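Quick note, the sequences are listed as chains A and B, same order. Here my numbering is used: the first residue of the first sequence is 1, the next is one more, and so on. Here my numbering is used: the first residue of the second sequence is 1001, the next is one more, and so on.
Some clues are possibly wrong.
Unchecked claim - Just so you have them, the derived chain A footprint on chain B, three or more residues with Cβ under 8 Å:
#1 1124-1137
#2 1288-1299
What the hints assert, rightly or not - Computed list of lysine-lysine pairs in DSS-like fashion (alpha-carbon distance at most 30 Å, straight line):
#3 A:K332 x A:K49
#4 A:K125 x B:K1138
#5 A:K244 x A:K49
#6 A:K101 x B:K1138
#7 A:K27 x A:K49
#8 A:K101 x A:K244
#9 A:K108 x B:K1132
#10 A:K162 x A:K108
#11 A:K108 x B:K1117
#12 B:K1006 x B:K1161
The set of hints was computed from the structure by calculation and includes no laboratory data. Source: prediction; values computed, not measured. No residue lacks a Cβ here, since even glycine has one placed at the ideal position from N, Cα and C.
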Amino acid sequence: MLFVDEFRNPELIQRAVDEIHALADPKREYRVMEVCGGHTHAIFRFGLKGLLPPNVELIHGPGCPVCVLPMGRIDDGLELAGDPNVIFTAFGDMMRVPGSKGSPLESKARGADVRIVYSPLDALKIAQQNPDRQVVFFAIGFETTAPSTALTLLRARGLSVKNFAVFSNHVTIIPAIRAILESPDMRLDAFIGPGHVSTVIGCRPYEFIVRNYRCPIAVSGFEPLDILQSLVMVLRQLRDGVAKVENQYNRVVPWEGNLAALRAMAEVFEVRPYFEWRGLGFITQSALRIREAFAPWDAEQTMSVPGICVTDPKAAQCGEVLKGVLKPHECKLFGKECTPEHPIGALMVSSEGACAAHFKYAVT
Amino acid sequence: MEFYDKRIAMAHGAGGEATRRLVEGLFQPAFSNPQLDSLSDAAIIEPPAGRLAMTSDSFVVQPIRFPGGSIGELAVNGTVNDLAVSGARPLAMTATFVLEAGLSAEALRWEVEAMAKAARQAGVPIVGGDTKVVEHGKADGMYICTTGLGLVHRNADLGPKRVEPGDRVLLSGPIGNHGMAIMLARAELDIEADIQSDTRPLLELAGRLFDALGPSVHWMRDATRGGVATVLNELARDTELRITIAEEAVPIDDCVRGACELLGLDPLHVANEGQFIAIVAAEQAEAALDVLRRTAGGERACLLGEIDRATISRVIARSSFGGTRVVDMLIGDPLPRIC
Chain A
1 MLFVDEFRNP ELIQRAVDEI HALADPKREY RVMEVCGGHT HAIFRFGLKG LLPPNVELIH
61 GPGCPVCVLP MGRIDDGLEL AGDPNVIFTA FGDMMRVPGS KGSPLESKAR GADVRIVYSP
121 LDALKIAQQN PDRQVVFFAI GFETTAPSTA LTLLRARGLS VKNFAVFSNH VTIIPAIRAI
181 LESPDMRLDA FIGPGHVSTV IGCRPYEFIV RNYRCPIAVS GFEPLDILQS LVMVLRQLRD
241 GVAKVENQYN RVVPWEGNLA ALRAMAEVFE VRPYFEWRGL GFITQSALRI REAFAPWDAE
301 QTMSVPGICV TDPKAAQCGE VLKGVLKPHE CKLFGKECTP EHPIGALMVS SEGACAAHFK
361 YAVT
Chain B
1001 MEFYDKRIAM AHGAGGEATR RLVEGLFQPA FSNPQLDSLS DAAIIEPPAG RLAMTSDSFV
1061 VQPIRFPGGS IGELAVNGTV NDLAVSGARP LAMTATFVLE AGLSAEALRW EVEAMAKAAR
1121 QAGVPIVGGD TKVVEHGKAD GMYICTTGLG LVHRNADLGP KRVEPGDRVL LSGPIGNHGM
1181 AIMLARAELD IEADIQSDTR PLLELAGRLF DALGPSVHWM RDATRGGVAT VLNELARDTE
1241 LRITIAEEAV PIDDCVRGAC ELLGLDPLHV ANEGQFIAIV AAEQAEAALD VLRRTAGGER
1301 ACLLGEIDRA TISRVIARSS FGGTRVVDML IGDPLPRIC
C-alpha cells in the first residue's frame, strides 16, 4: 500500500536498526520520550522496542488526549448526555474512557443517545438531521483535532444551526512538554516530536526545547521506519553534542505549520487561563475554550455543565507513568485492578495509552 | 395462501389468522421441504449412523442488509459454518424470527428468500421454526435465531487436546472484509470503500480438508466476532501453548487494510463470516494448504504460523523485520480512533 509499505520495508528498517546500534554508546543510557500516543501505539504494535539496544529507553509521554483528560470532564459530558433531548457525540477514542460513574458506552447502555462520529462535521450533520434535539460534540485532542472542531463551529455559525454545541476539551502540546521538562524528577536526553500535531503547528514551537534545555528533537511520522529514522536523528545529535529541531516527517509537516488551520483555531478558540490534566495537575494556558463570538455553540455557556471535580483513585500512578518516571508495569495497579477490560486510569483505556499499549503488545 | 400484508404487525405473532398467513404464505413456500410442509410441532428426523453435531446462533446485525450479504444469508451460513468447522455436514436447520412491528413485509421477504437460497446452496433443509413480533422500537427490524443439526465427518476428530507443539496454523483466506463492510455500512463513519462482506458457506473448503487429511486436522474454528486474534487466543488458552504468526503472511485486501489503518483498527480483531483457522499436523500442512488452494474460494489460503510450548501461552505476531508483539483478544467492540 502506497505510503505504508515503503515505511515497513524490512531492508531499510534493518539498516536503520544497525545505525541505531552503531550510534548508541554502550557506556551510557539514552532516555528518549515520544510525546505522541500514536508513536507509543506504533512502537508496541510493530515490536520496535525489541529491535533497539538495551541502553536506548523509550519513555511514553503525555500525548494521548484521552489519557490526560480528567475524570470530571467526562462526568460533565455525561451529565449533558443524560438529558433525553441531547444526542451526545464523540470520537470512538472516548467511548470506553471511565468517568466516576461509568463511560460513554455505559451511559449509552443505560439509555443515553450516545453516538460515535469520525469528524465533528458528522456531529453537525446529525444536528441538521435532528432539528428538535440538541446535539453536543464532546471535543478532545491536541492541535491535531482542534482545527476540525474550529471549522465545524465556523460552519455551524455560517449555516445558523442552532441545536449544535461543542464541549471543548482541546489541549495544546507545548505547555505539556514544558511541564514535563520542568518536572523535578525528569531526566530526558531527547524527544521524538508528535507528527500529527506538527502538521498544524509546524516545527518552530519546539525551538525552546533545544534553546532552553539543550534537548534534541526530531518530529516523527508513525510508521516503523519513521520512528527508527527519528531515533537515528536524535542519537546523531547526541553523539555530536548538538541540539536542534529536525523534521523527519517533512513529507507531511511544513516547518511553519498549516496556516489556514492555525487561523481557524485562532478565530474560534482562545487559551484558557488554566486547565486540569489528568496526572499532571493544573497547567496554565494549556487548553482551548470557545471565544465569546461563538458562545451560542459553546456547551459551557449555553448548557448547564456542572463542573465536576473528581480525584483520581489514589493507588493509580498515571501521573508518574505520564511523566515517564514510572514504567507502566511499575504502577501498583497495572495488570491487577487496572486492565483494558476494567480500566482505572485512562492510560489503560485508550488504545494509544502507554499502559494499554504495554498490556496489549509488550512481549515480556 | 398468499401473504399480502405490507407491514409486520403484532397480529403476525399472535398465533391467529395473520400468523397463519405469514407462515403459509411466506415461510413455507420459500423453505418448502417434506418435514416443514407437514407444519407439525416438531420435525421428525431419522438419525443416521455416526456422531451428530448441534449448534445454535442468533443474528442481530445492523443494518440488516450490507454490501456482500444480509442477515438472512448470515443466519444460514453462520450456522452451517459452525457445523462445518466442527467437522459436520448439516442435516437440518430451524429458524426463529423476532420481528419488530412496522417492519416492511418486503424486507422480510427479501431475507426469507436470501435464507432459502443459502440453505439450498448448503444443501440443508429448514425444517421448522417460530415467529415472534415485538412492539415497534423494541428491536432493530428483525433478529433471526437458527439451530443446525449435522452429521460429523468420519475422518473428523477435532479438539484442543489434539493440538500439539509443532502443529501449523492455516487460514482459509483474506480477513476483515465482513467487519469493515458492516462498520462502513452503518453510515456513522463517512468513509466510502468498496468492501464486501465475505459471508459464504465453508462446507466445501472444510469438507475437502476432512476428505483428504481428516485425522491430521486437529482443530478448526471460524474467525467471526473478535476476528482471528480472538480465535487464536482462545486456542492458546485452551491448549496452554504458544502460537506465533507471521504478520506478513496474513492475507488482507488492500481496501480493508486501508480502512483499518485509517480507523486505527487491527485487522486481526475485525470480524469475518467466511474464514476459518485450521490447526494441522506439521507434516501435512503443505498438503492441507494445497487442498484448500485447489478448492474454489480457498485460493488465498495461507500458512499463518505455528504452535510451540512456552512458559506463557499467548499469541505472538512477528513482523517481517523481526519485531514481535502480543496479539491480544478483542476487548469490547472494535472502536475507530482518531487522535
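Are there hints from earlier that the structure breaks, and if so, what are their numbers? Hints 1, 2, 8, 11, 12 contradicted; others consistent.
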